[in-house]
Amino acid sequence: MAFESLSEKLQNVFKKLRSKGLLTEEDVKTALKEVKMALLEADVNFKVVRQFTKSVQEQAVGQGVMNGLNPGQMVIKIVNEELVKLMGEELVELPLKPGNDINVIMMVGLQGSGKTTSAAKLAGKLKSSGKRPLLVACDIYRPAAITQLEVNAGSVGVEVFSMGTRHKPVDIVKAAMEHARANQQNVVIIDTAGRLHIDEGMMQELADIKAGVQVDTTILVVDAMTGQDAVTVASTFSEKVGIDGIILTKLDGDTRGGAALSIRAVTHKPIYYAGMGEKLDDLEPFYPDRMASRILGMGDVMSLIEKAEAALDKDKAEEMSRKFKKMDFDFNDYLTSFDQVKNMGGISSVLNMLPGMGNKSQELEGMIDEDAIGRTKAIILSMTPQERGNPGLLNPSRKKRIAKGAGVDLQEVNRLVKQFEQTKKMMKQMPGLMGNGKAGKFGKFRLPF
Amino acid sequence: MAEEKKKGFFKRLVSGLAKTRDNIVAGFDNLFSGFSSIDEDFYEELEEILIMGDIGINATNAILTRLREQVAQQHIKEPAQCKEILIRSIKEQMVVDSTDYEFENRKSVILVIGVNGVGKTTSVGKLAGLLKSQGKKVILAAADTFRAAAGEQLTLWANKAGVELIGGQAGADPAAVIYDAVAAAKARNADILICDTAGRLHNKKNLMEELRKIYRILEKEYPEAYLETLVVLDGTTGQNALAQAREFSQVAKVNGIILTKLDGTAKGGIAVAIQSELDIPVKYIGVGEKIDDLQKFDADAFVDALFLRKDHNEC
Chain A
1 MAFESLSEKL QNVFKKLRSK GLLTEEDVKT ALKEVKMALL EADVNFKVVR
51 QFTKSVQEQA VGQGVMNGLN PGQMVIKIVN EELVKLMGEE LVELPLKPGN
101 DINVIMMVGL QGSGKTTSAA KLAGKLKSSG KRPLLVACDI YRPAAITQLE
151 VNAGSVGVEV FSMGTRHKPV DIVKAAMEHA RANQQNVVII DTAGRLHIDE
201 GMMQELADIK AGVQVDTTIL VVDAMTGQDA VTVASTFSEK VGIDGIILTK
251 LDGDTRGGAA LSIRAVTHKP IYYAGMGEKL DDLEPFYPDR MASRILGMGD
301 VMSLIEKAEA ALDKDKAEEM SRKFKKMDFD FNDYLTSFDQ VKNMGGISSV
351 LNMLPGMGNK SQELEGMIDE DAIGRTKAII LSMTPQERGN PGLLNPSRKK
401 RIAKGAGVDL QEVNRLVKQF EQTKKMMKQM PGLMGNGKAG KFGKFRLPF
Chain B
450 MAEEKKKGFF KRLVSGLAKT RDNIVAGFDN LFSGFSSIDE DFYEELEEIL
500 IMGDIGINAT NAILTRLREQ VAQQHIKEPA QCKEILIRSI KEQMVVDSTD
550 YEFENRKSVI LVIGVNGVGK TTSVGKLAGL LKSQGKKVIL AAADTFRAAA
600 GEQLTLWANK AGVELIGGQA GADPAAVIYD AVAAAKARNA DILICDTAGR
650 LHNKKNLMEE LRKIYRILEK EYPEAYLETL VVLDGTTGQN ALAQAREFSQ
700 VAKVNGIILT KLDGTAKGGI AVAIQSELDI PVKYIGVGEK IDDLQKFDAD
750 AFVDALFLRK DHNEC
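The listed protein sequences correspond, in order, to chains A and B.
Under my numbering, the first residue of the first sequence carries the number 1, and numbering increases by one thereafter.
Under my numbering, the first residue of the second sequence carries the number 450, and numbering increases by one thereafter.
Listed next, the stretches of chain B that the computed footprint assigns to chain A, with coverage defined by at least 3 CB atoms under 8 angstroms from CB atoms of chain A:
#1 493-502
#2 561-568
If you want the ones that stay clear, here's a sample from chain B, every Cβ over 10 angstroms from chain A, calculated:
#3 ASN479
#4 GLU489
#5 SER538
#6 ASP549
#7 LYS581
#8 GLU670
Please keep in mind that the hints were generated in silico from the structure rather than gathered at the bench.
Virtual Cβ for every residue (Gly too), placed ideally from N, Cα, C.
Chain A extracted, bound-state conformation (with noise of 0.2 angstroms):
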């Protein structure tokens, strides 16, 4: 398969290593040939790649890889670390000043990388930690852009400033500064046009809003799936304009998300955000640590479970951890575990935060039908509350009844009783499953792994 992801490209690679005793130091070229290859289709580029993979083989020779007990994962801790180091340690947030000092954030990219879904995205954030922002409309190039931001601003409710297409974007700043001072805000966010890193004339127009007024953060947005040119892109920006942080879009794509690792390289800047989806809710935190564990296949564990821990309501959880134990668990509870799933993202969103999916949680994104569990939940919900707490209830005459309610085929009201009768079979004949203390942590959500 060609579009393997790049996990599970080093997963195989790390396959042949464990199947062996002892690492040769054939075994980690060939290894590391395999990671390189691995790591130009996922778009790295080159010479980070080349860099990479010197690096990897400098420590695993150096920290004597081949008299481990386990070599394979020697080289699994090695490339992670390395893969780490590029990434950026540690998780840094966009730094804002307290109080009602004006925050200037300039959000700055190449066409289509996603800077004015970003900048509203950014700003419906910046709003619900207590901020108060204010939108502005600098791109007074593309066609109708100025009314996308304004369509996306007021459905995170901020308010946008523009004059239209007429003025200098660095007077259109300055203005919207007055603005924002006379009306207390204290987050400004400007939404520049996209540009190409090569036009001079564009660049200069960024330099001149930065010499026009204070900017205390500039956004350089990346599109994740920029190829080898991602690294041209983003020192050019930082060359020219100086960037202080990445917002990485469009990750919820298959792509291998290669550029993050280039531009982080050639930046030493941090990626701030992740643009997960078109919501506007879809701007994630981004932490390094966890891109590169999930680029070698191990996952975004911690994603998930901290998705899940505060995804989860603890009272809820621990009355449903009672119920699957006493075997006693209803409709409601049904109900009750969709929501959860809703509130971590949805099950796709879930599927691909699990170790080892990648490929797979495509396939079974395919076989899974969001659609279909909206169907389940309005059968549900058609019951009535004594239907849903006791299932027994249901006669050929209730299930035309819900099935009439839920606007569905009496088979699916049939279906999903059986499925929900089996589930209760399957608790029963595994006791163990839900009940054991381990996964106290977090609830008795158990994650299979």
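Model the placement of chain B on the given structure of chain A, informed by the hints.
Same frame as chain A, now just chain B:
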């Protein structure tokens, strides 16, 4: 502005490609002058150069395999001779058949699809301008009812190109917009209906389903029209562009590629990869934001621009 016009499309492409070109060309020159014999190191160096141009591993391997065969068959000893062979073989691979533009001469529907932010709406606008200038009656369908202001953006392009646009309310069913547009195309006896669609990541099932629905409507309501599906790919995208093209081919009969944003630095390489692995031709390339910045793909010019130095003053 006038000077820019005079500078001509190809010049702009060459200058746009300049930086990558310089990288590749410099690498090329070093390679062919630096090696005295064709050995494994030579091939390895060549491999790196091609990969740096986003040509991708598989396509690069295919190119190298062909080169090795020819070197063996023709008993080539000098690295310099490889250069000519290499360029010729990539050109042959990239040639677009004239029948590939069949849709331009028939009553047709062009469906433009792609992931978010690749330049679909812009390409639709430019394509409308291009076809209009050939004397065609063009109608645009603004079926991107999802992205904020996409409809407005296309309206501005429609005005620039001087063509009619059929739109829908934000959030409306895109299939309904297509339905209306087909009715309009029939009523006005339009030559070509170009449909802009919402950006969709190729791994999102629902959006791909929506695309299938659009197909069903076109097949049912407008069977007499020739259906041409063009996938828009961002020239700065790396190997994921292949995944995009491949996934879209699974829901749609993809006839060609519009490769955009070729006015930056890295570029071109991915076109070779797509042609090599998926056998989908690049039909148009976009090299700027002006309405005439979309042109038919010219394999000779393109490959030369990628690999050769200063041979194009005459263009």
